[in-house]
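This is what each chain is made of:
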Amino acid sequence: MARTVVEVDAVSKSFEIPSVHRETLREHLFGVLEPRKFERLQVLDRVSFELRAGETLGIMGRNGCGKSTLLKVLCGIYTADAGEVRVQTGITPILELGVGWNPELDAIDNIFLIGSIMGLSLRAIDASIDGILAFAELERFARLKLKHYSSGMASRLAYAIAFEAVREVLVLDEIFAVGDAGFKAKCEERYRGLREAGHAVLLVSHETRAISTFCDRAILIDRGRVACEGQATDVVAEYLRVVSNQIQ
Amino acid sequence: MTASAETAPPSREPARPADGPAPRPVTRASDGASVWGLVWTLVRTDFKARYHGTPVGFLWALLKPAAMFLVLVGVFSLIFHDEPNYKLKLIIGLFLWNFFSEATTSGMGSLAAKGFLVSKARFPRWILVVTSIANALITLLVFAGVVTAYLLVSGRGPGVAALGAFLFYILCLATITIGLSLGTSVLFLRFRDLNQIWDMTTQAGFFLAPIVYPLGVIPERYHVYLYLWPPTPAIEFSRLAMVEGVLPSPTAHICLGLMAAGILAVGAVLFQRYGPRAAEYV
Numbered sequence: 001m002a003r004t005v006v007e008v009d010a011v012s013k014s015f016e017i018p019s020v021h022r023e024t025l026r027e028h029l030f031g032v033l034e035p036r037k038f039e040r041l042q043v044l045d046r047v048s049f050e051l052r053a054g055e056t057l058g059i060m061g062r063n064g065c066g067k068s069t070l071l072k073v074l075c076g077i078y079t080a081d082a083g084e085v086r087v088q089t090g091i092t093p094i095l096e097l098g099v100g101w102n103p104e105l106d107a108i109d110n111i112f113l114i115g116s117i118m119g120l121s122l123r124a125i126d127a128s129i130d131g132i133l134a135f136a137e138l139e140r141f142a143r144l145k146l147k148h149y150s151s152g153m154a155s156r157l158a159y160a161i162a163f164e165a166v167r168e169v170l171v172l173d174e175i176f177a178v179g180d181a182g183f184k185a186k187c188e189e190r191y192r193g194l195r196e197a198g199h200a201v202l203l204v205s206h207e208t209r210a211i212s213t214f215c216d217r218a219i220l221i222d223r224g225r226v227a228c229e230g231q232a233t234d235v236v237a238e239y240l241r242v243v244s245n246q247i248q
Numbered sequence: 001m002t003a004s005a006e007t008a009p010p011s012r013e014p015a016r017p018a019d020g021p022a023p024r025p026v027t028r029a030s031d032g033a034s035v036w037g038l039v040w041t042l043v044r045t046d047f048k049a050r051y052h053g054t055p056v057g058f059l060w061a062l063l064k065p066a067a068m069f070l071v072l073v074g075v076f077s078l079i080f081h082d083e084p085n086y087k088l089k090l091i092i093g094l095f096l097w098n099f100f101s102e103a104t105t106s107g108m109g110s111l112a113a114k115g116f117l118v119s120k121a122r123f124p125r126w127i128l129v130v131t132s133i134a135n136a137l138i139t140l141l142v143f144a145g146v147v148t149a150y151l152l153v154s155g156r157g158p159g160v161a162a163l164g165a166f167l168f169y170i171l172c173l174a175t176i177t178i179g180l181s182l183g184t185s186v187l188f189l190r191f192r193d194l195n196q197i198w199d200m201t202t203q204a205g206f207f208l209a210p211i212v213y214p215l216g217v218i219p220e221r222y223h224v225y226l227y228l229w230p231p232t233p234a235i236e237f238s239r240l241a242m243v244e245g246v247l248p249s250p251t252a253h254i255c256l257g258l259m260a261a262g263i264l265a266v267g268a269v270l271f272q273r274y275g276p277r278a279a280e281y282v
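The listed protein sequences correspond, in order, to chains R and E. Sequential numbering from 1 applies to the first sequence in my numbering. Sequential numbering from 1 applies to the second sequence in my numbering.
Here chain R stands alone, though its shape is the one from the complex (with noise of 0.2 Å):
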């Protein structure tokens, strides 16, 4: 069996809802006199998860279901109440396409900005520009402020400093279906292309294709724990069975 490469083991995280919100000092001295009740939200309750090196998981549930808090767990954005998150080797969050971008900055600085917020080496991304640039398609724009970008174009950059700046682990939340269909297809490609180079993915989608196409396994979440494991087919099921009973 190979390697694990990221261990979740029964990681739990929960919020305290105020029944006043106070953001500021002055709030905060006027109400000393009016105490505030709390109610607890336990968003992920003991969740508990294995992803093997070369693997693919997906990650599946309905919305508000705790999958993109676990996976601020997971990559050290939120810190869990409980429980542990092991993870023996490098991880690449996809989260956001384009989080962080400065219109004011032209392509090739955008590319430096989020290539070392990702965490790549000046000398990595350097050296991957051309690359970038080209599976983008924007060679001719690269000088060009990134305010003057259409959506699509910003976009397409997106996805390939994201492709390009994966390491051992790549974990994405819900960035496909972007683009038209020539370049869908080229992300789908340099996809495959990573599964066969080893790298590990976890994926976050509400899309039941990518879900039964890309993945090994998958998980279903359901009100912050784990409802179902396996198959990514029997996930993908069990997930469309509880969405037609919550339509129901």
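Just so you know, these hints were derived from the structure itself, not from any lab. Take these hints with a grain of salt, some might be off.
[Said to hold, decoys possible] Straight-line alpha carbon distances no greater than 20 Å define the calculated SDA-like cross-link-like pairs of lysine to any residue that follow:
| no. | chain 1 | residue 1 | chain 2 | residue 2 |
| --- | --- | --- | --- | --- |
| 1 | R | K184 | R | K147 |
| 2 | R | K147 | E | A113 |
| 3 | R | K145 | E | S77 |
| 4 | E | K87 | E | S77 |
Since the structure of chain R is already known, use the hints to place chain E on it.
Coordinates of chain E only, in the frame set by chain R:
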């Protein structure tokens, strides 16, 4: 009471940590992230975006302190006309103050302003705070170069010791600024009116520090209180070294160094305490 996740109301505040065991850090293998590459890129791109990548754009940034200098010199030269080198002392004080004021303001708002990065990307958060003061520091260093060149040309060039001391004071002021920024950046996420309070503090602090007036006009027994306001020693010592060629005592240097280290330590502790949950508050 346990609520279903579906009922989560959209809010910036609800991330108050729930009771329970202390959060454990995510353990991970080194991923070779280039921290210094990120620091350099953030500073370079921020500078480029702010000043449109041109020297003229940078000169534009000097207009504010220069205009302030002209106004203050017009008013206070009349009052302190007996004070030797008043204009030179005023401009040194003004640029050091301008750095402190601008850097602490942008440092406080650094995490909130880059909230999209804090909540979506994974990298050491302190980098955002430290790089946010870079522009103000570059402006100050350029000014330090210009004032040194002016003194050299006018035949009053500071000695090596005075110049070294001046750089030490700038380093101390930058350390103080980073310490304040680290602490206030995480507190600002919880208390969104902290910037207004800091704004009032710096307005009062401008007159608490001996910028427009010579320290000598204040009775000596009050000096110790003025020196507790962090910019005061950095400004006063810089003037002594650069304009009068006098170095303060070793004890004074040690006190300034300790003040800088102490403020940095307090800021770092606050950042360490509240930083890990910053993403829940942006």
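Results of checking the hints against the structure:
1. K184(R) with K147(R): With a Cα-Cα distance of about 23 Å, the restraint between K184(R) and K147(R) is violated, given a limit of 20 Å.
2. K147(R) with A113(E): holds, 19 Å
3. K145(R) with S77(E): violated, 47 Å
4. K87(E) with S77(E): holds, 7 Å
Figure legend: structure checked against the earlier numbered hints; hints not met, in rising order: 1 and 3.
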